[in-house]
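> In order, the protein sequences belong to chains A and B. If you're matching positions, the first sequence starts at 1 in our numbering and goes up one per residue. If you're matching positions, the second sequence starts at 1001 in our numbering and goes up one per residue.
A portion of the hints provided could be inaccurate.
[To be verified] Derived list of chain B stretches under chain A, where covered just means 3 residues or more per stretch with a C-beta under 8 Å from a C-beta of chain A:
(1) 1187 to 1198
(2) 1209 to 1219
[Claimed, not checked] Keeping only pairs whose Cα atoms sit at most 25 Å apart, straight-line, the calculated BS3-like set for lysine-lysine is:
(3) A:Lys327 / B:Lys1216
(4) B:Lys1218 / A:Lys327
(5) A:Lys390 / B:Lys1155
(6) B:Lys1155 / A:Lys367
(7) B:Lys1168 / A:Lys367
(8) B:Lys1308 / A:Lys361
(9) A:Lys338 / B:Lys1216
(10) A:Lys276 / A:Lys327
[What the hints assert, rightly or not] Part of the chain B face toward chain A, derived, beta carbon under 7 Å:
(11) Tyr1122
(12) Gly1149
(13) Thr1152
(14) Lys1155
(15) Ser1205
(16) Gly1273
Derived from the structure by calculation, the hints contain no laboratory data. The C-beta atom is built at its ideal place from N, Cα and C for all residues, glycine as well.
Residue-level listing of the chains:
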Amino acid sequence: MRLGRPDVLFGLPNPDEYCRWGDCRMYLEMKNITMVFGSNKAVDNVSFSLKKGEIHGLMGENGAGKSTLMNILGGVYRPTSGQVFLNGEDITNIDEKKASAAGIRFIHQELNLVNDLKVYENLFLGEEIVNRFGITNRKLMRQRAAEVLEVVNMGDISPNTPLSKLDTLHKQLIEIAKSLLFEARVIIMDEPTTALSDHEIKNLFTIMRQLKAKGVSMIYISHKMPELFEICDSFTVLRDGKIVGNGYFHEIDEEKATTMLVGQHVNDKLDKKQRKSDVLLEAKNLSCDHYFKDVSFELRKGEVLVFTGLQGDGRRELAEALFGARKLTSGHVLLEDKPVKYHSIKSVIRSGISMVQRNRKERSIIKNMNVLDNLTIAQFAYSNKNFVVKKNDQLRVFHDCKRLLDVKASSPRMEITSLSGGNQQKVIISRWLELKSKVYIFDNPTQGVDVGAKFEIYKLINKLAEEGVSIIVFSQEYPEIEKIGDRCIVMYNGKISKVFDREEFNEKEMMYYSTGSDKKAV
Amino acid sequence: MQSVLNRVFNKENFKILCTDYSFILSFVILLIVALIFNPKFLSYSSIATLLSNATITGIVACGMTLVIISGMIDLSVGSIVSLSAGLGVLLLNQTNDVLLTLAFCIVFGALLGAINGVLVSYVGIAAFITTLATMSAYRSIITQIGQGGPFTVNKEILRSFSSVATGKLFGVIPYLPLFLIGVVLLIGFLLGRTKFGRYVYATGSNEHATILAGIKTKNVKLFIFIIIGALCGLSAFLLASRMSSVTASNAGFGYELDAIAAVAIGGTSMSGGRGRIAGTFLGALMMQMISVILIAAQIDPFLNGLVKGIIIIFAVAFQSSNRRNV
Chain A
1 MRLGRPDVLF GLPNPDEYCR WGDCRMYLEM KNITMVFGSN KAVDNVSFSL
51 KKGEIHGLMG ENGAGKSTLM NILGGVYRPT SGQVFLNGED ITNIDEKKAS
101 AAGIRFIHQE LNLVNDLKVY ENLFLGEEIV NRFGITNRKL MRQRAAEVLE
151 VVNMGDISPN TPLSKLDTLH KQLIEIAKSL LFEARVIIMD EPTTALSDHE
201 IKNLFTIMRQ LKAKGVSMIY ISHKMPELFE ICDSFTVLRD GKIVGNGYFH
251 EIDEEKATTM LVGQHVNDKL DKKQRKSDVL LEAKNLSCDH YFKDVSFELR
301 KGEVLVFTGL QGDGRRELAE ALFGARKLTS GHVLLEDKPV KYHSIKSVIR
351 SGISMVQRNR KERSIIKNMN VLDNLTIAQF AYSNKNFVVK KNDQLRVFHD
401 CKRLLDVKAS SPRMEITSLS GGNQQKVIIS RWLELKSKVY IFDNPTQGVD
451 VGAKFEIYKL INKLAEEGVS IIVFSQEYPE IEKIGDRCIV MYNGKISKVF
501 DREEFNEKEM MYYSTGSDKK AV
Chain B
1001 MQSVLNRVFN KENFKILCTD YSFILSFVIL LIVALIFNPK FLSYSSIATL
1051 LSNATITGIV ACGMTLVIIS GMIDLSVGSI VSLSAGLGVL LLNQTNDVLL
1101 TLAFCIVFGA LLGAINGVLV SYVGIAAFIT TLATMSAYRS IITQIGQGGP
1151 FTVNKEILRS FSSVATGKLF GVIPYLPLFL IGVVLLIGFL LGRTKFGRYV
1201 YATGSNEHAT ILAGIKTKNV KLFIFIIIGA LCGLSAFLLA SRMSSVTASN
1251 AGFGYELDAI AAVAIGGTSM SGGRGRIAGT FLGALMMQMI SVILIAAQID
1301 PFLNGLVKGI IIIFAVAFQS SNRRNV
């Protein structure tokens, strides 16, 4: 346990205590922040500080508490306990608006810009300069926009340009310009480089360094080690809501950082029979726009192949492309030595590939239809026979599904949305099992599913594999990968960065490769 | 007996009655009001008249049910009726062939619907805009052909032609309602018993998920427009037969409103994914009942539209307020 600090206890500043890392007073301080949601401690006694002109890398796996912490800083949440100081002023209980007025600016991963508006209109969106009759002063806004664009090296772009004409880097810079316009003192950037090319990242870093020299502090949230090591001075690693490490980047190396990120998980591999069998599916040099490039892999009969990586690695798009929901720009897929026909999703299904989608609510559930129709809809599309729906056939499928996956639905006529998340997912999986495909793609199959149902889904995947069905799973949960995977492909930046066989599975190494730690810095 | 009543009249069923089957509730209320104004409202002749009057827009409303369940809208129905009816009369006068005219009206209507469908599915223009544009275009074509004047059925064929709409089976049952009932059963079968019907609901409920289940929703939408076009063609044929003369600028005018209104008070969700053909059938009857009540209550017929508008808003507001609680 940490003792209360003398300045907090006695209300006296103590320069030595403040300056753990350097010679000056901390600009931003978050002290002993705890945030409780229900029975879950999202952030647990975290203290965090930032000097003027410092770039601080905030790391942690999904759900580690990064965004909760940043939302507390940005005034979206009020912490259950703890205090936040900005330049010595207590800002613990301010709201979002006041936080941004105080100079704390949050640049989200999904940019908050309006494509249909002009650059200057975006810069001043919601904070327009108006006269006392509420009429906007466009001349002044354009003038100030031009000034601030100069600061982010975009002086050649007119404030009147429609935003839609700009590329992603420039949109990113507009967000930064927007924060500068309102005198940001702390800018929080949530994975700003996901959509940027290497060259664009370099430009972004140049601007960040200029801002740093002007005394703007930044918090940089990212998974990408090379970037973190290049641009950040100091770091904090969160895991399960707690700080597991902090310090300066020049004191550590990438391996050490990865160890902190992952921690020591208990090794709980399930026993899986390993067999060598024939190659069933072969993907050659698959590419799609800037999402992924030259992805090649083989899938054996009865094998569970897992793709993992971190956000923005191109996995999602790869999953969609394999199912025909996204057009490949080049490359082809062979199934039993015959090319898979990619002209429609239906033709892909007919070739023998089924896919359980991620994000069930948006991509799988047809909310106004009952369990029975949700269960059988893919089968309708698959077979051309029988224009008229035969109730008995549908009911047979329902009972199969109940037997196989223990779906808890009292009646087949229940609305699908009245089932629990786990049961909904089981219905969706059964929808595809009925087609008896050769290859099943599971994209994040246990998203929003309770522990019991998760376990049943793992059991089902392993059982299918034993029956000789080949399975591709897209997952970013290591315990899941361990339970089902025969082989695991780690992706980084749209490319395969490493392939692991089951014996080599190791969370730390997988994280090492999915953060691109083996790559040289940009 | 008591337990049966309890089972039927429990809270759960009442909730369903107020949400999914609210059209039955509104129908009963309107029926009571109609009976107050006209105690003979339930006599055979007034029922037959009501059904006959509801037929021509009712058939269009059946097609509109498909369109709205799938999450779209069709504003061009009135113009399709007018264009098919006008050209149908011209063909009839040339050939004196009633059956050929019927076939022509249906096929030509389907063709006009297919144009809408291709524009919506394959060109990718929103259904609202597409059908708004074709509403104006189709109407303009027929007005030009008729030069503003009416298309009148020739004397020699008039008798046999108008007997389609005004005649009676065995001298008792008027033909017109039989067409409506036939279409209701057909669309009901399509929606309730076929794969296509499932696709219609699925497309309106979650199009993205439907596409990812391997269904070509573009084709589904195209077919829906072809079906509503064909039904408009049938409706045009019956209209021509009933009126024996079709005015280009007037025929089918406001049908889109009547059809959408019948679908709306029939309980079909305006955002798609939910709805029943039985609701539309009762909805179409309700629209006629409102007119009858207004006449019986001696309300100025010019206020007809006002009263209909208010009733639609009440019906839909009632549904959505109930659905929000679910």
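> Hints first: check each against the structure and report whether it holds.
Consistency of the hints with the structure:
| no. | hint | in the structure |
| --- | --- | --- |
| 1 | 1187 to 1198 | holds (count 6) |
| 2 | 1209 to 1219 | holds (count 8) |
| 3 | A:Lys327 / B:Lys1216 | holds, 16 Å |
| 4 | B:Lys1218 / A:Lys327 | holds, 17 Å |
| 5 | A:Lys390 / B:Lys1155 | violated, 51 Å |
| 6 | B:Lys1155 / A:Lys367 | violated, 56 Å |
| 7 | B:Lys1168 / A:Lys367 | violated, 45 Å |
| 8 | B:Lys1308 / A:Lys361 | violated, 38 Å |
| 9 | A:Lys338 / B:Lys1216 | holds, 24 Å |
| 10 | A:Lys276 / A:Lys327 | violated, 32 Å |
| 11 | Tyr1122 | violated, 14 Å |
| 12 | Gly1149 | violated, 45 Å |
| 13 | Thr1152 | violated, 42 Å |
| 14 | Lys1155 | violated, 45 Å |
| 15 | Ser1205 | holds, 4 Å |
| 16 | Gly1273 | holds, 4 Å |
Violation of the numbered hints given earlier is confined to hints 5, 6, 7, 8, 10, 11, 12, 13, 14; the remaining hints are satisfied by the structure.
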